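Participant: The lines below spell out each chain.
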Amino acid sequence: MKHVLILCFALILTAPAQARNSVLDIRAVTSPNGIEAWLVEDHSIPVISLKFAFKNAGTALDPKDKQGLSRMLSNTLDEGAGELDSQTFQKELQDLSITLNFGSGRDHFMGNLKTLSTNKTRAFELLTLALTQPRFDEEPVSRMRKANQARIRSSLSKPNWIAARVLNDRAFEGHPYAQNSGGTLSTLENITPGDLRSFHKKLSRDRLVVAVSGDITAAELASALDHIFAGLPESSEIKTPAALTLQNQGKTYLFKKDIPQTIIEILQPSIDRKALEYSTAQVMNFVLGGSGFGSRLTKTIREERGLTYGIYSYLQDMNHIDLLAISSSTKNESAAEMLELIRAEWARMRDEPISEKELTNAKSYLIGSLPLSLTSTDKISGALLSLKLDDLPINYFDIREAEIQAVTAEEVQALAQDLLNPAHFTTVLVGQPEGLKNLEILSTIPNVE
Amino acid sequence: MKFKWGAALFCLSILVFGVLTPQALYAQEPQTTNAQTAEKTFNAAHFTLDNGMEIVVIPNHRAPVVTHMVWYRVGAADEPEGKSGIAHFLEHLMFKGSDGLAPGEFSEIIRALGGNDNAFTSQDYTAYFQSIAAEHLETVMRMEAGRMRGLTLSEKDFLSEQNVILEERSQRIDNNPPSLLNVKLSEALYRDHPYGDPVIGWRGEMEALSWEDAKGFYDQYYAPNNAILVVSGDVTGEHVLTLAQEIYGTFEQRPVPERKRVKSFDKPAEPFVTVSHPAVRQPTIQRSFIVPSYRQNPLDSLALQVLEEIVGASSTSRLYKALVIDQKLASGAGLSYRGNAWDSAELTIYAQPLPGITHDFLETAMNAELQKIAKEGISEEELKSAISRLQNQAIYARDSLTGPAMIFGYSLITGSRMDDVERWPQNIALVSAKQIQEVAQKYLMPDGAGFKNAATGYLLPAPPPNTEKEEEAAE
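Chains A and B supply the protein sequences, listed in that same order.
Residue numbering for the first sequence is 1 to 449, as defined by the numbering used here.
Residue numbering for the second sequence is 1 to 475, as defined by the numbering used here.
There may be inaccurate statements among the hints.
Restricting the straight-line Cα-Cα distance to at most 20 Å, the calculated cross-link-like pairs of lysine-lysine (PhoX-like) are [claimed, not checked]:
| hint | chain 1 | residue 1 | chain 2 | residue 2 |
| --- | --- | --- | --- | --- |
| 1 | A | K55 | A | K257 |
| 2 | A | K274 | A | K66 |
| 3 | A | K146 | B | K384 |
| 4 | A | K299 | B | K156 |
| 5 | A | K257 | A | K379 |
| 6 | B | K328 | B | K372 |
| 7 | A | K66 | A | K239 |
| 8 | B | K384 | A | K91 |
| 9 | B | K375 | B | K442 |
| 10 | A | K91 | B | K321 |
| 11 | A | K146 | A | K274 |
| 12 | A | K146 | A | K66 |
| 13 | A | K239 | A | K201 |
| 14 | B | K375 | A | K146 |
| 15 | A | K202 | A | K64 |
Simulated coverage check for chain A against chain B, where a stretch passes if three residues somewhere in it have a Cβ under 8 Å from a Cβ of chain B [stated by the list, open to error]:
| hint | segment |
| --- | --- |
| 16 | 44-52 |
| 17 | 357-365 |
| 18 | 372-384 |
To list a few chain B residues with every Cβ distance to chain A over 10 Å, as calculated [said to hold, decoys possible]:
| hint | residue |
| --- | --- |
| 19 | G52 |
| 20 | V65 |
| 21 | L151 |
| 22 | L159 |
| 23 | Q327 |
| 24 | T364 |
| 25 | L401 |
It should be emphasised that the hints constitute simulated quantities derived from the structure, not laboratory data.
Please read all numbers here as calculations on a predicted model, not as lab measurements.
Cβ atoms here follow ideal geometry from the backbone N, Cα and C, with glycine treated the same way.
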C-alpha cells in the first residue's frame, strides 16, 4: 500500500513537466458594440451560464444611513421590469426554469443567469429588461425590505453572524467596509425606490465584466452581449473608498453570549492576489490552515487535542485591503489554549522552513485540484469571472502552475517572517471564554439596529 | 429574488433534487411502455460483485476527474439503544488510521494527490467520498477498501476524536436555538422511533461511547454486501468494474443484521413543542408531517414531490403568494418534502411571521392553503407547468460531477432502483391533479382531534434569563 502511494507522488512531481493542452479553452469574444466577454464553449449539456459584475459598484458605496442599499438593489432588480410586474416576471422565470439573480459584495455588484439553451432567447430578454427597465414597484420593495429585516432578526441568534458583525466593525473601523452590507433594521427603512434608481445608474458599461460558459457559440454570444448590455449607460461616477489598513491590531474583543463555545475570528494583514509572492502565500496558507484536513492548525488543534470541530485559515483579497483570516470555535474552557496554540503555529512557520513533504503536498494540491473547481457550467463561468475581476490574464490557469512549482521553502519562510505576527491580530470572540486577560468587552452588536 | 431563509431546511441544491428522486411505477400505468423506451437521465451502469457489493458508474467526460463514493446501508437509526451518535462517531474514526495509514494520513494523501475527501452520516446511511484526478481512481479505491476491512485505532486518538464530536454537537446544535427547535421537533414527531434521536447523538450518550462500541458497530455493518460503490466522472463502467473486482471483490461476504426499526408511527406525535430563548428575535413556525417515503409508496411520494413544487418551492408558489404577497402575514414561507428515507419521510411547512402577527393567525392561514388543495385540488395548468419545471431540474442535475453520484447514492441506499432514478422525469409526468388532491387529504389534514401525524414547533423570543432553559429539557 505505502509503495503504491510513494509511486503516485513521483508521478505527480513529473506530470507538470509534460507538455499538455490548456486547462480550459477560454476565448475572448467581442460584440459589434465593443462589449467583451470570456467564453468557454461546451455543448455537452444544454445549459448556458452567464455571470457578470459591475466593478467597484458594491456595498462599500452605500451611504451610512442607507446601509443595505446596494443589497436591496440586488434583491429588487429581478422583481418586475418593463411591462411585467413582480409576480409576472418571477413566474416567467420559474416556468422556463431560468435562474436570474443579482448579488452585492463589498467591492462589486454581480449578476447571474443560468438557462437551458432552448430558452436562451427569452432568458436574455428577461435579463435585458431587469438591467435596463427595472420597475422598483412599492410592493416588492417593501416585501424585500421586510425579508431583509427578518433575516437580520433571525441571524441575531447565530453566534458566527454576531462575530462577523463585530469583526467588520473593529477591523475596518472608520471605513465603509465596516458597514453592514445587508443593512441594519433602521437603515433599511430609509431606502426608497428613488434611492434604488439612483444606485442603479452606477451599473454602467465601463465597469462591466462578463464570463460565459456552456451551450452557446461565440457568434451567438457576440450578438447577445449587445442585446443585453448595450442599453446600459456608458459610464458612471463613483466615489472610490480610501485604502485601508487593518484597524485595532493587537486588540481582542469579546461579545459575551451564553453558549457552550467561544467563536474565534482573527484577521491579520496579508498580500494582494496580483503580488509576485501570491503563490508563496497560497502555499504558506495551505500548510498553515488552508487545507482543513492535513493542515498544521487542524493537526495540532483538532486531530491531536480534539479542541474543535473545524479550524481554517484563508486569504481574503479585497479592493482596499488584503487579509489572512483564521476562523474556529472551541468550548469556553479551551479558548485561551486555542489562542496560544495558534500563536505557536505562527512562530513555528516563521522560525523554521516547512518540510519538503509539506511543500510538495501543497504544490500538488494547489495544482492538481484546479480541475475539480471546473466541473459544471456555472463553476466554469464563475472561475472566469473571478480571473477578470482580479485583472488576471486569460491564460492564468496555465501560467499559475509554473508559478506554484517555483515556490521554495525558503521563500515561504521569508514571507512568514514578513507577514505572520500575532501582534498584528485583530481578534473577536463571542461566547464566555475562560482564562483570558485584556479583553475589550462589547455590550452591543454594531450595525444591526 | 428567491428567498431562501430556511437554510437548515433546504439549503443544498442536491437536497432539492433529492427530494425529487424518482421511484418505481406500477405496471398498470399505461404510459410505462413509453417511459421504458425513452432516454435515461444519466445513462449509468450498474453491476453487482460476487460478494454482493453493488456498483454504479455514471460516465461524465467533461473534465479529467472522478468522484468515488462508498455508501454503507447503516446510519444513526440503526444504533443500539443508548448508543446514540455511534454511527457518526465511527465515521470520524474512519479517518484515524487504517491499513498502514497513520491517523489523518488518509486525507493528507488525498490532498497531496490534488483531491478532496469527506464523509457524512444520516439516519439511514453513512458515506465516504473523494473527488480527484481520474488517474488516481485506483489509489483512492485501494485506500477506501483498506478502510472497509482494516480500521486501526489507538486509545489516544479515540479520546481526542470524542472531544471533536462533542465540539461538533455544540457548534451544530447547542449554540443555535433554531437547531434546538429542530431536535425537539423530531423527538416530538417520532416518539420512540429512532428518527427522533439526533444523528450526532444525545450529549450524555456521546460522552459514554467506548472504543468497543465503535469497533462492534464497524464489525457488524461495514461489509461489502452492505455497501454501494458509486463512481462518477471521466471513467467507463468496464474500467470501474475491473478495478472494483480486483480491489473490493476480494472481501468475503459477511452476515449483516437485518434492519429492524421500532414501528411507533401509530402513536400520535406530541402535537406542539416550543423553544423560547433570549437570543431569538425572529419567531418561526414549522409543522412537520410524517408522510410516505419513496420506498414505502412510490406513487404517493411522486405526488408529494409535485405538491411541494406547487405549494412551497419558490416565490411564485401558492404558500409564498398567499402568506407573503397577498395577506402580508409573513416575511417568508415554504414547504419542503424529502422522499428518500428507509422508513417514513417528512414534509415540513414553515413561515416567519411579520412583526405584530400572532402565531394562531399565521397558522390558520398556513392550514387554509393546504385545505384549499385538499378541497378544491389544483388546476391542470398548475400541474403541467410544475411537471415541466421538475423535468428541467433533471437536466440541470446532469451539470455536475458529484451531484449525480449523490442522487444515485441516497436513492439506492434508501431502497430505490436504478430505473427509478433514470426514468424519474417520465415517472413524475404521470402524476395527476387528482393524486395531488388525494395526498393532501390523506396526509396533511387534521381529523376532529387535531393532527395525528404532525408536530408543530415554535421558535420564540424568551422570557428574561433565570427561567429554566428549554434547550436543557431537550436533552
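Participant: Please name the hints from earlier in the document that this structure breaks, with their numbers sorted from lowest to highest.
Facilitator: Hints 1, 2, 3, 5, 11, 14, 20, 22, 25 not satisfied by this model.
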